[in-house]
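As a plain string of letters, each chain reads:
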Amino acid sequence: MRREIPLFITSVVGLIFIVRFFIPHEPFFSLENVSASWIQVIKAFAIWLGILNLLKVSLDKIYKKEKGWGYSGIIIFSFLAISVAGFFFPLWESRSSDDSYIEHARKFQYPGTSFDWFYSYVYAPLSSTMFATLAFFIASASFRAFRARSFQATLLLLAGFVVMLGSVPIGNVLFAWLPQGWQVSNIADWVRNYPQVAGQRAIQIGIALGIISTSLRLILGIERAHLGGEG
Amino acid sequence: MSRPNPPAPSSGQGFWEKFAKLDRRIIFGFIFLALALPLFFTIRQPIPVSPEGKAYYQAIENLPAGSKVLLSFDFDPPSSPELQPMAEATFKQLFTKNCKLVVIGLWPQGPQQAERALASALRDPQFSDKKLEYGVNYANLGFMAGDEVVIQKMNSDIPSTFPSDYKGNATSSLPIMQGVKNYKNFDFIINFSSGFVGTREWVQFCVDRSGAKMIAGNTAVQAPENYPYYRSGQLKGLLAGMKGAAEYETVSNQPGKGLTFMGSQSVAHLIVMLFVILGNIAYFVSGRKR
Numbered sequence: 001m002r003r004e005i006p007l008f009i010t011s012v013v014g015l016i017f018i019v020r021f022f023i024p025h026e027p028f029f030s031l032e033n034v035s036a037s038w039i040q041v042i043k044a045f046a047i048w049l050g051i052l053n054l055l056k057v058s059l060d061k062i063y064k065k066e067k068g069w070g071y072s073g074i075i076i077f078s079f080l081a082i083s084v085a086g087f088f089f090p091l092w093e094s095r096s097s098d099d100s101y102i103e104h105a106r107k108f109q110y111p112g113t114s115f116d117w118f119y120s121y122v123y124a125p126l127s128s129t130m131f132a133t134l135a136f137f138i139a140s141a142s143f144r145a146f147r148a149r150s151f152q153a154t155l156l157l158l159a160g161f162v163v164m165l166g167s168v169p170i171g172n173v174l175f176a177w178l179p180q181g182w183q184v185s186n187i188a189d190w191v192r193n194y195p196q197v198a199g200q201r202a203i204q205i206g207i208a209l210g211i212i213s214t215s216l217r218l219i220l221g222i223e224r225a226h227l228g229g230e231g
Numbered sequence: 001m002s003r004p005n006p007p008a009p010s011s012g013q014g015f016w017e018k019f020a021k022l023d024r025r026i027i028f029g030f031i032f033l034a035l036a037l038p039l040f041f042t043i044r045q046p047i048p049v050s051p052e053g054k055a056y057y058q059a060i061e062n063l064p065a066g067s068k069v070l071l072s073f074d075f076d077p078p079s080s081p082e083l084q085p086m087a088e089a090t091f092k093q094l095f096t097k098n099c100k101l102v103v104i105g106l107w108p109q110g111p112q113q114a115e116r117a118l119a120s121a122l123r124d125p126q127f128s129d130k131k132l133e134y135g136v137n138y139a140n141l142g143f144m145a146g147d148e149v150v151i152q153k154m155n156s157d158i159p160s161t162f163p164s165d166y167k168g169n170a171t172s173s174l175p176i177m178q179g180v181k182n183y184k185n186f187d188f189i190i191n192f193s194s195g196f197v198g199t200r201e202w203v204q205f206c207v208d209r210s211g212a213k214m215i216a217g218n219t220a221v222q223a224p225e226n227y228p229y230y231r232s233g234q235l236k237g238l239l240a241g242m243k244g245a246a247e248y249e250t251v252s253n254q255p256g257k258g259l260t261f262m263g264s265q266s267v268a269h270l271i272v273m274l275f276v277i278l279g280n281i282a283y284f285v286s287g288r289k290r
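Protein chains in written order, with the working numbering: chain A, 1 to 231; chain B, 1 to 290.
These are calculated hints, taken from the structure and not from any lab test.
Because the structure is a prediction, the values reported are computed rather than measured.
Incorrect hints may appear among the rest.
[Said to hold, decoys possible] For each label pair, taking beta carbons as the anchor points, the in silico distance ranges come out as:
#, chain 1, residue 1, chain 2, residue 2, range
1, A, Phe21, B, Val136, 30 to 40 Å
2, B, Leu274, A, Leu156, 14 to 24 Å
3, B, Asn185, A, Ala208, 54 to 64 Å
4, B, Gly287, A, Leu55, 53 to 63 Å
5, A, Ala159, B, Ile43, 42 to 52 Å
6, A, Leu155, B, Asp129, 29 to 39 Å
7, A, Ala153, B, Leu274, 15 to 25 Å
[Said to hold, decoys possible] DMTMM-like cross-link-like pairs, simulated, lysine to aspartate or glutamate; straight-line CA separation at most 20 Å:
#, chain 1, residue 1, chain 2, residue 2
8, B, Lys167, A, Asp116
9, B, Lys181, B, Glu148
10, B, Lys167, A, Asp98
Note that beta-carbon positions come from the ideal geometry of N, C-alpha and C, so glycine has one too.
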């Protein structure tokens, strides 16, 4: 039963969504809405599952004093700090006399709250910094990997070169001698809109076909890897 | 049996051999300078506006005054340098046309990013005088978990999908939401996204099913996957990355952060290309050993 019930639910919900797409009328309309609500609830619980898993892994690491356990300590501390700021801020922040505690608590993301302070001055700058470091690694990786080793690699190199140059205004300034309509930015636009789109379409059609076949396998109960068993 | 010793590295290694093995920290240093120094200077460059950038601006410009527009903020702070300038300029253009704006977020941080962009637009003197009112001229319905399922559910019933707004008010009590049931009650949809869930899901679950008209602002990394949707007309306009933000600020005559940051991006691209060219010279001169 541990396998049959999930397989049954997967099949029924999958079929509801397919039938609703082709027959947009009752009762499929309501059935789809109920299924969608359930998916939302499960996805919301998945956030909790993720949080609990993160805490378990981090606490384990600290307990066993594994390599890098200090970073796990920072994770736990940050999690607790922002949770306390979000859940309990009404305890120490002034609220207007019109607001009940619950109404006041709903405003935890408002400008000036502790949660907003953490978001604006800790979370946003730190996560932006992490993302920005990519620029340095991309530059270093480009230097080492962008080599004209073969015909295909040379083609990729040239396309990358044109798109990079055409994506910044200085490209047109450097190659101002090119005729009107053949500026670097025009060539970059052409690369993005034609060869790139052709490749993207091929990839996306391939992905779509893969999704359709996998979905059918799931609905028909042929694919069972997601249940933790054999495929 | 002893193995012969490998030949000792030549002490007189050529410049290009050494260059090919350049310490990455030197490249990091150049990139740091390329990104940081232009921020201290005002570099004004002529920005060529792409057809998709022009189309984005024109799509908003063609909206009748007072149109109702749904905006979805599906990104978080790491992508804000690219998407926030687009969002701020978009709010300004929409407010200029007296549009009514309803904001949602399918990423938990999205509504907070929207609040920042709204606050920035509302600080502009041309709108602070208009006395735009929350709930009447604009509203933020907040975040909803469920990714593409939320987009699908909104096709049936938006108030039940978002029962309360960002501030805890009942969605149905907001004047701006009166008469809003699904996408058909919006004149236009705008999506800012940096990944999943994002523009692709909006096209698949909203545009294709409801026939809604939509434009999008994407990070430069994500935009290529959405060009097919622009080419097919499923997207009426598309802004791609910092360049897209700068294009939009240029065409809508609203100079902002997009144009300011393009200076850094220009110099950084040049430095990267210079290293790639020199790296290839080193590769060929040193006999294609690496």
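Hints and how they fare:
A beta carbon spacing of about 37 Å between phenylalanine 21 (chain A) and valine 136 (chain B) agrees with the range 30 to 40 Å that was offered as a hint. Our hint of 14 to 24 Å for leucine 274 (chain B) and leucine 156 (chain A) holds, since their Cβ atoms are close to 18 Å apart. Between asparagine 185 (chain B) and alanine 208 (chain A) the Cβ separation comes to about 30 Å, which falls outside the hinted range of 54 to 64 Å. In this structure the supplied range 53 to 63 Å holds for glycine 287 (chain B) paired with leucine 55 (chain A), their Cβ-Cβ distance being about 54 Å.
As the Cβ distance of alanine 159 (chain A) to isoleucine 43 (chain B) is approximately 27 Å, the hint placing it in 42 to 52 Å is violated. Between leucine 155 (chain A) and aspartate 129 (chain B) the Cβ separation comes to about 55 Å, which falls outside the hinted range of 29 to 39 Å. For the pair alanine 153 (chain A) and leucine 274 (chain B), the supplied restraint of 15 to 25 Å holds, since their beta-carbon distance comes to about 19 Å. Distance restraint check for lysine 167 (chain B) and aspartate 116 (chain A): the Cα-Cα separation of roughly 14 Å lies within the 20 Å cut-off, and the hinted pair is therefore satisfied.
Among the hinted pairs, lysine 181 (chain B) with glutamate 148 (chain B) is consistent with the structure: their alpha-carbon atoms are about 18 Å apart, no more than 20 Å. The suggested pairing of lysine 167 (chain B) with aspartate 98 (chain A) holds, with an alpha-carbon distance near 14 Å, which does not exceed 20 Å.
The structure fails hints 3, 5 and 6 (numbered hints given earlier, in ascending order).
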